[in-house]
Amino acid sequence: MCHHRKSQTYFNDAQKQATKDAAAIAGLNVARISSEPMAAAIAYDLDKGGERNILVFDLGGGSFDVSIMTVDNGFFEVIATNEDAHLGGEDFDQKIMEYFIKLIKNKHGKDISKDNKALEKLRREAERAKRALSSQDQVHVQIESLFDNVDFSEPLTRAQFEELNNDLFEKTMGHVKKAMEDAGLEKHQIDEIVLVGEGTRIPKVQQLLKDYFDGKEPNKGVNPDEAVAFGAAVQGGILSGEVGGESETDDLCGTCCDALKALETYVNDMKKQVNDKDKLSDKLE
1 MCHHRKSQTY FNDAQKQATK DAAAIAGLNV ARISSEPMAA AIAYDLDKGG
51 ERNILVFDLG GGSFDVSIMT VDNGFFEVIA TNEDAHLGGE DFDQKIMEYF
101 IKLIKNKHGK DISKDNKALE KLRREAERAK RALSSQDQVH VQIESLFDNV
151 DFSEPLTRAQ FEELNNDLFE KTMGHVKKAM EDAGLEKHQI DEIVLVGEGT
201 RIPKVQQLLK DYFDGKEPNK GVNPDEAVAF GAAVQGGILS GEVGGESETD
251 DLCGTCCDAL KALETYVNDM KKQVNDKDKL SDKLE
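Each step along the sequence shown adds one to the number in our numbering, with nothing skipped, and position 210 is 210.
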């Protein structure tokens, strides 16, 4: 089976070649390299019909980008993109952690900021709390023996979460505004708002987009965690002649998405290592 391999919007030629090499190592036959926004649009079935302007808001675990593209009967043109390779869901988790680290210090007189074991436990629960607050107004963060055999139990509300991360929310919308300026489009000229990545499940993100675009609802027709992998799988199937109808598309996703997700994890790990080295280099300089 040939695979349609996606790449990050901001990958250069060398990084795209590295992605191809990674795919080859994983045993995949790369049919074509395409961008995440294009794959997302295909997943949302927006590559059909007449000309439309689509905004793709992609907030993943470790990176963020917003792309604006024109789609016309299957032809894609990215007309603007704005990204931050150091902004993602992990940053929202970090804000929760910092809040609880400060709370623990004030309440128990204990500084766990250098306790790696405690931090790892707290990180897992911070991520769980973030996900839970996408569907409920309050969660209870409970960690057995977090430090010195002390059991930790504290509530966290959605309102608190939103306040803690207000600067990050504003940052993402700043990228949206810049992309709109670069595209030279007015708000009413955006026909579809596509959500990609785990971070777009956050209600505040969806509300900010809706408010900015004067009440226009983001498209929620596809699982944002799987949108890009699904779109890449569909196009890979089309290129290889394995997809012709809806049922075949469903079958293809079942056999192909897992491989694409595994490769995505591998590439993201590579990217994170590069980012970590960049940060270390900055500190040394």
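Since the hints were made in silico from the structure, they are not lab data. The reader is advised that the hints may include incorrect statements.
[Claimed, not checked] Cross-link-like lysine-lysine pairs, in silico, DSS-like; alpha carbons within 30 Å at most:
| # | residue 1 | residue 2 |
| --- | --- | --- |
| 1 | K204 | K177 |
| 2 | K110 | K121 |
| 3 | K95 | K107 |
| 4 | K114 | K177 |
| 5 | K177 | K220 |
| 6 | K110 | K95 |
| 7 | K220 | K204 |
| 8 | K110 | K178 |
| 9 | K210 | K102 |
| 10 | K187 | K121 |
| 11 | K121 | K102 |
| 12 | K95 | K171 |
| 13 | K121 | K105 |
| 14 | K171 | K121 |
| 15 | K95 | K178 |
| 16 | K105 | K117 |
| 17 | K117 | K95 |
| 18 | K114 | K95 |
| 19 | K187 | K177 |
| 20 | K204 | K95 |
| 21 | K210 | K187 |
| 22 | K102 | K117 |
| 23 | K114 | K102 |
| 24 | K105 | K95 |
| 25 | K187 | K220 |
| 26 | K121 | K107 |
| 27 | K210 | K178 |
| 28 | K204 | K171 |
| 29 | K121 | K178 |
| 30 | K178 | K204 |
| 31 | K178 | K114 |
| 32 | K117 | K107 |
Being a predicted model, the structure only gives us computed values, none of them experimental.
Comparing the hints with the structure gives:
no.	hint	result
1	K204 / K177	holds, 17 Å
2	K110 / K121	holds, 16 Å
3	K95 / K107	holds, 18 Å
4	K114 / K177	violated, 38 Å
5	K177 / K220	holds, 21 Å
6	K110 / K95	holds, 19 Å
7	K220 / K204	holds, 14 Å
8	K110 / K178	violated, 43 Å
9	K210 / K102	violated, 33 Å
10	K187 / K121	violated, 43 Å
11	K121 / K102	holds, 16 Å
12	K95 / K171	holds, 14 Å
13	K121 / K105	holds, 16 Å
14	K171 / K121	holds, 28 Å
15	K95 / K178	holds, 25 Å
16	K105 / K117	holds, 16 Å
17	K117 / K95	holds, 18 Å
18	K114 / K95	holds, 16 Å
19	K187 / K177	holds, 10 Å
20	K204 / K95	holds, 15 Å
21	K210 / K187	holds, 11 Å
22	K102 / K117	holds, 17 Å
23	K114 / K102	holds, 13 Å
24	K105 / K95	holds, 16 Å
25	K187 / K220	holds, 19 Å
26	K121 / K107	holds, 19 Å
27	K210 / K178	holds, 17 Å
28	K204 / K171	holds, 13 Å
29	K121 / K178	violated, 37 Å
30	K178 / K204	holds, 20 Å
31	K178 / K114	violated, 38 Å
32	K117 / K107	holds, 20 Å
The structure shown violates the earlier hints numbered 4, 8, 9, 10, 29, 31.
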